[in-house]
Structure formats: C-alpha cells, structure tokens
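Note that the protein sequences, when read in sequence, are chains A and B. Residues in the first sequence are numbered consecutively from 202, following this note's numbering. Residues in the second sequence are numbered consecutively from 73, following this note's numbering.
One or more of the hints may lead you astray.
Stated by the list, open to error - Residues of chain B clear of chain A, computed beta-carbon distances all greater than 10 angstroms:
no.: 1; residue: Thr171
no.: 2; residue: Asn174
no.: 3; residue: Leu276
no.: 4; residue: Tyr299
no.: 5; residue: His306
no.: 6; residue: Lys322
To be verified - Which chain B residues face chain A? A few, computed with CB under 7 angstroms, are given here:
no.: 7; residue: Cys131
no.: 8; residue: Gln159
no.: 9; residue: Ser163
no.: 10; residue: Phe166
no.: 11; residue: Asp168
no.: 12; residue: Ser172
no.: 13; residue: Ala173
no.: 14; residue: Arg176
no.: 15; residue: Ala189
no.: 16; residue: Cys241
no.: 17; residue: Leu266
Unchecked claim - Pairs of lysine to aspartate or glutamate residues, derived as DMTMM-like cross-links and limited to a Cα-Cα distance of at most 20 angstroms, are as follows:
no.: 18; chain 1: A; residue 1: Lys208; chain 2: A; residue 2: Asp363
no.: 19; chain 1: B; residue 1: Lys153; chain 2: B; residue 2: Glu181
no.: 20; chain 1: B; residue 1: Lys109; chain 2: B; residue 2: Glu272
no.: 21; chain 1: B; residue 1: Lys155; chain 2: B; residue 2: Glu203
no.: 22; chain 1: B; residue 1: Lys180; chain 2: B; residue 2: Asp144
no.: 23; chain 1: B; residue 1: Lys155; chain 2: A; residue 2: Asp462
no.: 24; chain 1: B; residue 1: Lys193; chain 2: A; residue 2: Asp462
no.: 25; chain 1: B; residue 1: Lys271; chain 2: B; residue 2: Asp305
no.: 26; chain 1: B; residue 1: Lys193; chain 2: A; residue 2: Glu377
no.: 27; chain 1: B; residue 1: Lys156; chain 2: B; residue 2: Asp265
no.: 28; chain 1: B; residue 1: Lys135; chain 2: A; residue 2: Asp462
no.: 29; chain 1: B; residue 1: Lys155; chain 2: B; residue 2: Glu181
no.: 30; chain 1: B; residue 1: Lys155; chain 2: B; residue 2: Glu191
no.: 31; chain 1: B; residue 1: Lys152; chain 2: A; residue 2: Glu377
no.: 32; chain 1: B; residue 1: Lys161; chain 2: B; residue 2: Asp137
no.: 33; chain 1: B; residue 1: Lys153; chain 2: B; residue 2: Glu244
no.: 34; chain 1: B; residue 1: Lys109; chain 2: B; residue 2: Glu244
no.: 35; chain 1: B; residue 1: Lys242; chain 2: B; residue 2: Glu294
no.: 36; chain 1: B; residue 1: Lys161; chain 2: B; residue 2: Glu272
no.: 37; chain 1: B; residue 1: Lys156; chain 2: A; residue 2: Glu305
no.: 38; chain 1: B; residue 1: Lys161; chain 2: A; residue 2: Asp462
no.: 39; chain 1: B; residue 1: Lys193; chain 2: A; residue 2: Asp363
no.: 40; chain 1: B; residue 1: Lys242; chain 2: B; residue 2: Glu118
To be clear, the hints were calculated from the coordinates, so they are not data collected in a lab. Even for Gly, the Cβ is constructed at its ideal location relative to N, Cα and C.
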Amino acid sequence: MAQRFWKNKTAVGTVFFVVLIALLGILAPWIAPNDPYAADILHKYESMSAQFPLGTDHLGRCLLSRLLYGIRPTLGLAILTMLGTIGLGALMGLLAGYFRGWVEEIIMRVVDVMLSFPSQVMVFAVVALLGVSVQNVVLANVFIKWAWYARMIRTGVMQYRDKNFIQFSRCIGTPEWFILARHLLPSIAADLAVLASLDVGWAIINISTLSFLGLGVQAPTPEWGAMLNEAKNVLTSNPSQMVIPGVAIVALVSVFNLMGDALRDVLDPKEVVE
Amino acid sequence: MITVEHVCVSFRSEHQKKWFGSSRTQVLFDVNLTIPKGSCVGILGESGSGKSTLGRVICGLLKPDSGNVSIDGVSIYGDKKGKKLLQQKLSVVFQDYTTSANPRFSMKEILLEGIRARERKGEQVKDVDAELSHLLSLVGLDDSFLPRFPHELSGGQLQRVCIARAVACKPELILFDEAISSLDAHTQVQIMDLLQELKEKLSLTYLFITHDLTSITYLCDEVLFLYHGHVTDHRPVSTLSQTTDDYAKKLLQSIFIYDNEKLDEAAATAAGL
C-alpha cells in the first residue's frame, strides 16, 4: 500500500501540501513576520513590501501574518469537525448496517429526518439557537453532517456483512466488537479516508462561510472566512484584500478534494485483493 | 447430534403484486433431518433447491418460520444458551474461498480467530505458535504460510487454511457449504482425502452441502436429496442406486450418461488412432 501511495503523484503532492500548511500553522509564531493583531492605522491598505510581504489590511495589520495565524482556526476547526462527523457517522452507520432490525430502523429514520432539511439552513438554525461561538459552529456542523456519513457508511457495511468471513465469525460466536472493530472497520477504512478528506474541504468552506456571515470565529481572531468578511467592505477600492484569503481557501479546499480522490485510488479495496 | 424437524423457510418476494404487499416465497417445505454423531451426511440438490438456505438455518444464521433445530436436544433458536452451545460445537467452511478470509488478515490472524473461539470454551491454549503450526500441518501446509495474506495463496491452499480455521475452533460438527465445488478436480480429491483423514483423527461429524453427486459418494454415509425445497429422498449412500425418487434418478442418470459419453469419446479417439 505504501508503494502505491508513493507511486501516486497526486496523493503524495496533496498530502505533502496539507502537511506543509499544517506545519506553517503550527509554526506561525516563529515564522510570521509581524504580530497579526498589531494595528497600525497609518499604514492601512499598504501594498507588498519587505516589512509586509502581502501588504496590510484595513487596520494596517500584516496580511501574511494573519494568513499564517489563520491556518490554526481554519484547518484546526475543520479537522475537529471532520473527526466529530466521521466518528458519529461511522458509529451510527456501523451499528445500523451490522445489526439491522429495529436498531437500523431507528437510526435510519432519524437520518432520513436529518437529510430532509437543507443543511446550510439547519446550521444557521443551530447556531442561532445555541448562540454565536466557535464551539457551537463545530457542534452545528457535526450535528447536521453526520447523517450523510451514517448513510454512506451503512451502505459500505452492508456490502461486507454478508461476506463469508463475517458469516464464519458469527457462526463460531466471535464477539460482536471483534467483528465490528477488526473485520468491518478495516474493510470500510478506504471509504472512510476518502469521506474524511472530502469532509475537511466541506468543513473549511462551511466554517469560513459562517465566519464570513459573522456567526463563526469572531474578530479580531484571524480566520480566513472572517478575513474575507472584513475585506468585502473594500471590495471595489481594494480588491486585492479579498484575493489573498480567497485564494488560500480555494487552494486548501481543492487540495483536500483532490486528496480524497487520490486516496480512493490508493486505498481501493479491489487492488488490495489483487 | 443435530435434529432438524419440520423446518419451513420463506422470504419476502421482491416483486409484490400489491402496494406494500407482503407475499412470501417459500423455499423450504417441512424439512426433517437427523445428523448422528460421527457420521457424514450429504445434502444434494441443484442450484436454487434451498440447500444453502438449509445450511444457514443449521448454522444458526437464519431463523426458520416454523419448525425446530436442536443440537444434543437443545433448541438453537429457543434461547441464547442453545445458540451458544451451537457456536461452540459447529464450524463452517464456505464455497467461495475468495471471500471466506478477510483479505486484510494474514494466515496467522485468520487461524487465531479460530483459536480464540476455542479459548472461549474455557480451553487454555498455552503455546499458540506450536498450535498454529500444528493446525497448518494438519492440512498439509507449513509455517512459511503464517505471515502470508489470502491473495498470496492459491485457491486450494486458501481452502485448506479455511479448513484449518474451522478445525481450530475444535468443533464437533463442520458444515461444508459447497466447500470444494469451486476447486479443480485434482484439488477436490486432495481436499476430500484430507477431510476423511481429519474426520478420523479428530472424530468429527460432517454435513456436506453440494450439487456434485460424485463427491457425496466419495465422502458421505447418508444422502438427502432436496428438490425445490422438498426432501425427495433420504437414504444411505450404499443403496443409492435403488432410489425411487425421480429427481434422484435423473441426477444419477446424468452422471452415468456423462460417463458413457466419456467412454464413447475415449473409444472414438482410440479408433481414430
């Protein structure tokens, strides 16, 4: 598998890019040229220079520093959301797909109800209900999105639950946790990895959207969506203000989506059998 | 050891005549079967005759609509205790060896699952490594197979490992669901010889589900003919030729005809030379 990973250029490239971005975010205090919170109103909307490599924003804060510090909330919250969604979705999907019967009925009917609401509107509703804060944004995203993953993972589990090796385990009375954890979970791991990387892309967009609308990360914390929000006021006079966080979001989301596709090729169970 | 009494099984039909209809297709009609300890019983039938369904019922994976399956006098669908008893005494080998083993497990892990089942019965396995090589030697393989994965083995080898896994649970009864049908003729004979040897060594009881009459005559003491869910005949293999049932006769004839054709062919080629 490691061999197939190294052969797949897209997989190597995208994973490398994501790791690089994550490192930049972690090391932001040491590599950022300026303090991201230091306002200097006299130098606002400055263009690129040695002191401010990407220029300054409407309060004269260094854009590059804010971009680097912004990786932490943007990527961190997205990964947190992904872990929550995939965790809850995988658990529910495994239970529904493996046990069938009334367990499946209950879980899948709840899923049906969740899926019948437009997700974006539901996120707003949950945030409005719980109050505007970062935790609530993550909670809302997990709460809305898990049903999608539960349904997809259940389908994956159903493909495997009638396979002979699981039938054998059930025949000889292997404990249920062993079947779930050692047989089923690894079998759907490839699907999970793909779903997870696609979900990170979705979560980045969604958290940025909420921040852009003022419902997520609050000023002055540097977050890419919030930066876009601040820049939109000067869209006509200083369009470059919007380009920088905008390009950053687009690039990161595209990389996660590409990574999802590449991981699917690398982890394809058909090739494992081969 | 196992008694199957008046078992009927039906499935909900895919095509319902009415909206939200609940018409069912019956696949097993009042099947009765006794498997005495130490015997080898064959279930013979063409595809779709319900023989694998009967296998699933006996495994405890499919609860019949009516009727009773009991092991040593304890009903297996009655309560948890009966099912547990069945799980301790029964083991299975499936037809399709490609899906019989988890493709992500090495042979060692595959066999360990069987050994763990034995440990659940309260038996301590002290030297696991020795036990693993003992199991592999039982089926004619050596230790070098332990770290290998299913896709690195041939069909016959993998089926042997599946048999070793079934034996690893220390069962009293092993159910073979078309376990050798997907192998080539030469390997089939090898595996059947192996099964016979194991049966004597470990005093096992076999239930053999197949569509292949020759393998039944090779291995079994008794045979049960299943046709469209009905038991048409049940007799010892030694009196097979005296069967009164039409379907069983047809099956027997088809083999003889096939053999005759082969004879003719052989004669024709001999004449040609």
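Verification of the hints:
1. Thr171: violated (5 angstroms)
2. Asn174: violated (5 angstroms)
3. Leu276: holds (15 angstroms)
4. Tyr299: holds (25 angstroms)
5. His306: holds (25 angstroms)
6. Lys322: Label holds. Min Cβ-Cβ 31 angstroms, cutoff 10 angstroms.
7. Cys131: For Cys131 (chain B), the interface hint holds, since the closest Cβ of chain A sits about 5 angstroms away, which is under 7 angstroms.
8. Gln159: At about 3 angstroms, which falls below the 7 angstroms cut-off, the nearest Cβ of chain A leaves the hint on Gln159 (chain B) intact, so it holds.
9. Ser163: holds (6 angstroms)
10. Phe166: holds (4 angstroms)
11. Asp168: holds (6 angstroms)
12. Ser172: holds (4 angstroms)
13. Ala173: Where the cut-off is 7 angstroms and the nearest Cβ of chain A is about 6 angstroms from Ala173 (chain B), the hint holds.
14. Arg176: holds (5 angstroms)
15. Ala189: At 4 angstroms from the nearest chain A Cβ, Ala189 (chain B) passes the 7 angstroms test, so the hint holds.
16. Cys241: Where the cut-off is 7 angstroms and the nearest Cβ of chain A is about 5 angstroms from Cys241 (chain B), the hint holds.
17. Leu266: violated (19 angstroms)
18. A:Lys208 with A:Asp363: The hint is violated at about 33 angstroms.
19. B:Lys153 with B:Glu181: violated (28 angstroms)
20. B:Lys109 with B:Glu272: Status holds; Cα separation ~13 angstroms.
21. B:Lys155 with B:Glu203: violated (27 angstroms)
22. B:Lys180 with B:Asp144: violated (32 angstroms)
23. B:Lys155 with A:Asp462: With Cα atoms ~44 angstroms apart, Lys155 (chain B) and Asp462 (chain A) exceed 20 angstroms; violated.
24. B:Lys193 with A:Asp462: The hint is violated at about 46 angstroms.
25. B:Lys271 with B:Asp305: violated (25 angstroms)
26. B:Lys193 with A:Glu377: holds (16 angstroms)
27. B:Lys156 with B:Asp265: Not OK: Lys156 (chain B) and Asp265 (chain B) at ~31 angstroms, beyond 20 angstroms, violated.
28. B:Lys135 with A:Asp462: This hinted pair is violated, its Cα atoms lying about 42 angstroms apart.
29. B:Lys155 with B:Glu181: The given pair, whose Cα atoms are some 25 angstroms apart, is violated under the 20 angstroms limit.
30. B:Lys155 with B:Glu191: Holds, because 17 angstroms separates the two Cα atoms, which is no more than 20 angstroms.
31. B:Lys152 with A:Glu377: holds (15 angstroms)
32. B:Lys161 with B:Asp137: The hint is violated at about 24 angstroms.
33. B:Lys153 with B:Glu244: Since the Cα atoms of Lys153 (chain B) and Glu244 (chain B) sit roughly 17 angstroms apart, the hinted pair holds (cutoff 20 angstroms).
34. B:Lys109 with B:Glu244: holds (8 angstroms)
35. B:Lys242 with B:Glu294: Not OK: Lys242 (chain B) and Glu294 (chain B) at ~24 angstroms, beyond 20 angstroms, violated.
36. B:Lys161 with B:Glu272: holds (17 angstroms)
37. B:Lys156 with A:Glu305: Measuring from Cα to Cα gives roughly 24 angstroms; hence the hint is violated.
38. B:Lys161 with A:Asp462: violated (46 angstroms)
39. B:Lys193 with A:Asp363: Violated: Lys193 (chain B) and Asp363 (chain A) sit about 25 angstroms apart, past 20 angstroms.
40. B:Lys242 with B:Glu118: Measuring from Cα to Cα gives roughly 31 angstroms; hence the hint is violated.
The structure fails hints 1, 2, 17, 18, 19, 21, 22, 23, 24, 25, 27, 28, 29, 32, 35, 37, 38, 39 and 40 (numbered hints given earlier, in ascending order).
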